[in-house]
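> These protein sequences, in sequence, are chains Z and X.
Under numbering that gives the first Met the number 0, think of the first position of the first sequence as 0, with each following residue one higher.
Under numbering that gives the first Met the number 0, think of the first position of the second sequence as 0, with each following residue one higher.
In short, the hints are calculated from the structure, not lab data.
Just so we're clear, the structure is a prediction, and the values are computed from it rather than from any experiment.
Backbone N, C-alpha and C fix where the C-beta goes; we use that ideal spot for every residue, glycine too.
Honestly, I wouldn't trust all of these hints.
Stated by the list, open to error - Examples of chain Z residues toward chain X, derived with CB under 7 Å:
no. : residue
1   : Asp-9
2   : Ala-302
3   : Arg-304
4   : Gly-318
To be verified - Cβ-Cβ distance ranges computed for the label pairs, FRET-style:
no. : chain 1 : residue 1 : chain 2 : residue 2 : range
5   : Z       : Leu-3     : X       : Ala-190   : 44 to 52 Å
6   : Z       : Ser-372   : X       : Thr-10    : 28 to 36 Å
7   : X       : Ser-73    : Z       : Val-276   : 50 to 58 Å
Stated by the list, open to error - Listing some non-contacts, in silico: residues in chain Z with all C-beta distances to chain X over 10 Å:
no. : residue
8   : Ala-12
9   : Arg-47
10  : Val-119
11  : Glu-203
12  : Val-309
13  : Phe-319
14  : Trp-353
15  : Leu-378
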Amino acid sequence: MNPLPLVAADLRASRWGALVVALLVGCAVALSVVVSAAERSLRAGSARAADDFDLLVGGPGSATDLVLATVYLRPTDLPLVDAKRVKRLMEAKGTALVAPLAFGDSADGQPVVGTIEAFVRHLARRGMIEGRAFAREGEAVVGADVRLRLGERAVPVHGQQTVKLPGGAGHHHDEEAFSVVGRLPRSGTAWDHAILVPIETVWEAHHLVLGERDDGRIGPPWPDDAVGGASVVVIKPAGVADAYRLRQALKGDGLLALFPAETLIELYEALGSAGAVAAAIAHGAHALVLIAIGLVAMAALAARRTQIAVLRAMGAPAGFVFLVVWLEIVVLLAAGVVLGTGLAWAATAVITTWASASLGFVLPASLSFGDFSGAGLILLAGLLLAALPALFAARQPAANAP
Amino acid sequence: MGATLALRNLTLAFRGATAPVLDIDAWNVAAGGSVGITGASGAGKTTLLHALAGIVVPESGGVCWDEDDVATLSSGARDAWRRQHVGLVFQDFHLFPGLSALGNVLLPMRFDHWGIDADTRSRALSLLRTAGLSAPDQPVTTLSRGERQRVAIARALLRRPAIVLADEPTASLDTDSARTTVDLLLTETQAADATLLVVSHDAGVLARCDSRWRLADGRLAALP
Numbered sequence: 000m001n002p003l004p005l006v007a008a009d010l011r012a013s014r015w016g017a018l019v020v021a022l023l024v025g026c027a028v029a030l031s032v033v034v035s036a037a038e039r040s041l042r043a044g045s046a047r048a049a050d051d052f053d054l055l056v057g058g059p060g061s062a063t064d065l066v067l068a069t070v071y072l073r074p075t076d077l078p079l080v081d082a083k084r085v086k087r088l089m090e091a092k093g094t095a096l097v098a099p100l101a102f103g104d105s106a107d108g109q110p111v112v113g114t115i116e117a118f119v120r121h122l123a124r125r126g127m128i129e130g131r132a133f134a135r136e137g138e139a140v141v142g143a144d145v146r147l148r149l150g151e152r153a154v155p156v157h158g159q160q161t162v163k164l165p166g167g168a169g170h171h172h173d174e175e176a177f178s179v180v181g182r183l184p185r186s187g188t189a190w191d192h193a194i195l196v197p198i199e200t201v202w203e204a205h206h207l208v209l210g211e212r213d214d215g216r217i218g219p220p221w222p223d224d225a226v227g228g229a230s231v232v233v234i235k236p237a238g239v240a241d242a243y244r245l246r247q248a249l250k251g252d253g254l255l256a257l258f259p260a261e262t263l264i265e266l267y268e269a270l271g272s273a274g275a276v277a278a279a280i281a282h283g284a285h286a287l288v289l290i291a292i293g294l295v296a297m298a299a300l301a302a303r304r305t306q307i308a309v310l311r312a313m314g315a316p317a318g319f320v321f322l323v324v325w326l327e328i329v330v331l332l333a334a335g336v337v338l339g340t341g342l343a344w345a346a347t348a349v350i351t352t353w354a355s356a357s358l359g360f361v362l363p364a365s366l367s368f369g370d371f372s373g374a375g376l377i378l379l380a381g382l383l384l385a386a387l388p389a390l391f392a393a394r395q396p397a398a399n400a401p
Numbered sequence: 000m001g002a003t004l005a006l007r008n009l010t011l012a013f014r015g016a017t018a019p020v021l022d023i024d025a026w027n028v029a030a031g032g033s034v035g036i037t038g039a040s041g042a043g044k045t046t047l048l049h050a051l052a053g054i055v056v057p058e059s060g061g062v063c064w065d066e067d068d069v070a071t072l073s074s075g076a077r078d079a080w081r082r083q084h085v086g087l088v089f090q091d092f093h094l095f096p097g098l099s100a101l102g103n104v105l106l107p108m109r110f111d112h113w114g115i116d117a118d119t120r121s122r123a124l125s126l127l128r129t130a131g132l133s134a135p136d137q138p139v140t141t142l143s144r145g146e147r148q149r150v151a152i153a154r155a156l157l158r159r160p161a162i163v164l165a166d167e168p169t170a171s172l173d174t175d176s177a178r179t180t181v182d183l184l185l186t187e188t189q190a191a192d193a194t195l196l197v198v199s200h201d202a203g204v205l206a207r208c209d210s211r212w213r214l215a216d217g218r219l220a221a222l223p
């Protein structure tokens, strides 16, 4: 037997209704795929953003704030790590890198971060895109996505302004003016938008230090009166044991010391339950779609009672009628799944682009096989459920024929 | 070659009804002829056709077409027998709207064949030509009512059935279409040497049959 010509003919004859059903399935599939992909992509993207920050040390406060401010450069009021402690941290043993960071200013709408040359080199492990690290005050290194060109000058303002104020309003730090000398490689994180300047510049602009060095050099070691506080101190421990020892020691010192990866895991757990809610919604949508398809199938079947009876009267085997009805539903489902996959691709691309812009780090816009488990479930359940109306149709007696 | 029909002690009643719809002691139809059956509405004419086609099974009695007693066949075997031996023509054509004229004519072949062989296709095309349809790929929804019924007749004849059963084939057609449709039905069943049984109220149709019968109170009576 060959039910395909009849299946094709039936679908052609009711193409608009078929299209609506396929779209309905497509939307449900896209919903589930996107929910799954977005959640995974958020985890991957945010974990990658924390790669450069092994151990963060901040003033006593919120761990989440510290991570968001440092890893994602979210504007947050952080309690400072005072100058005395910064100096002590600089001399801590078992470290490969200790870098104080000072947040709070911005230039050209991008965050300005005061730090030391060693941290620039840490971020530029794979080499600078162009130029070099800063070597004196008045120089700056910019992230890959900062619009300033090499050699261009800019003046930071206090606070972070994402919108340029007309007439350059705001509290300018003219003494902080810098020119760009280098560009960092792309990291796919918020740091691609950062402008890095010597931390001394920030200290002086905010009157955090009294003295000034006469030699004009920047970076540690600093004389006692020429060192200021830091928003956060980033430490790269020499080894795993050092990492835990340092964290323990610093916690005892009235400081907040944390591994951002750990804090992120806590956030993921919160996200994970949000993901579970989203997944439940997606599954609910699946169930609704399957029920809707069932109703549509039953309604279509009632409308086609005569047609089916005619087929049976003409001698069509029950199996033929079963296949016609079953295949028609399965084709609609499959079309919906294909449509949904396309929609999911488009939606994922749009969402990750939008989220990367608003979250400040790049969400990898990829779909994995696992994202399609919901779609596969719809298809599988559909294959089985479609057998019900098909069975009804096949069992319908030919005696209904007119 | 047409089939010979022999009905024996046929009774068939609807559930809950007191009198049987059909109650026929004996009725014989010779092979290859045309038989017209008339009767009041609700007399059971369609039920009689269904019983003859094995679509419904009588409570008792036999429906013997040549050697086959359709009443004793299993459900699947009746389907197969009907596919093989019976062509059906309905009052309302019952073509499939998404298929072309040719697709509709070929449909009965799809029930037990994957592909359509060249002989079958050329028979379908020649049936359509005989039926006066010049565009076999035309969607049936664009055909006139008369044309649709002629496509339905071509479909019924495709598999060279020994039996053609037509239920009020002209009732929904205008006079001119009815005449050409009956012409086609009679000449083609005759050409195919099939036994034709046609239920009709149309005196013009009945007049052209070899024999005429009236169904009343479940029994058949010969008309002049």
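> A separate judgement is required for each hint: does it hold in the structure or not?
Going down the list of hints, with the structure as the test:
At its closest, the beta carbon of Asp-9 of chain Z sits 5 Å from a beta carbon of chain X; the interface hint therefore holds under the 7 Å criterion. For Ala-302 of chain Z, the shortest C-beta to C-beta distance to chain X is roughly 12 Å, which exceeds 7 Å, and the interface hint is violated. At its closest, the beta carbon of Arg-304 of chain Z sits 12 Å from a beta carbon of chain X; the interface hint therefore is violated under the 7 Å criterion. This hint is violated: Gly-318 of chain Z has a C-beta 9 Å from the nearest C-beta of chain X, more than the 7 Å allowed.
At about 32 Å, the beta-carbon gap between Leu-3 of chain Z and Ala-190 of chain X misses the expected band of 44 to 52 Å. Distance hint for Ser-372 of chain Z and Thr-10 of chain X: a CB-CB separation of about 59 Å, inconsistent with the stated range 28 to 36 Å. Between Ser-73 of chain X and Val-276 of chain Z, the C-beta spacing of about 55 Å keeps the proposed range 50 to 58 Å intact. The claim that Ala-12 of chain Z lies off the interface is violated: its Cβ sits roughly 4 Å from the closest Cβ of chain X, which falls inside the 10 Å cut-off.
Distance check on Arg-47 of chain Z: its Cβ is at least 53 Å (rounded) from any Cβ of chain X, clearing the 10 Å threshold; non-interface status holds. Remark: the non-interface label on Val-119 of chain Z is consistent with the geometry, its nearest Cβ contact in chain X lying 69 Å away (cut-off 10 Å). Distance check for Glu-203 of chain Z against chain X: the nearest CB is about 81 Å away, which clears 10 Å, and the non-interface claim stands. Taking the minimum C-beta to C-beta distance to chain X, about 4 Å, the non-interface status of Val-309 of chain Z is violated against the 10 Å cut.
With a least beta-carbon separation of about 5 Å from chain X, Phe-319 of chain Z fails to lie farther than 10 Å from that chain, contradicting its non-interface assignment. Distance check on Trp-353 of chain Z: its Cβ is at least 43 Å (rounded) from any Cβ of chain X, clearing the 10 Å threshold; non-interface status holds. No Cβ of chain X comes within 10 Å of the Cβ of Leu-378 of chain Z; the nearest lies about 25 Å off, and the non-interface call holds.
Checked against the numbered hints above, the structure breaks hints 2, 3, 4, 5, 6, 8, 12 and 13 and satisfies the rest.
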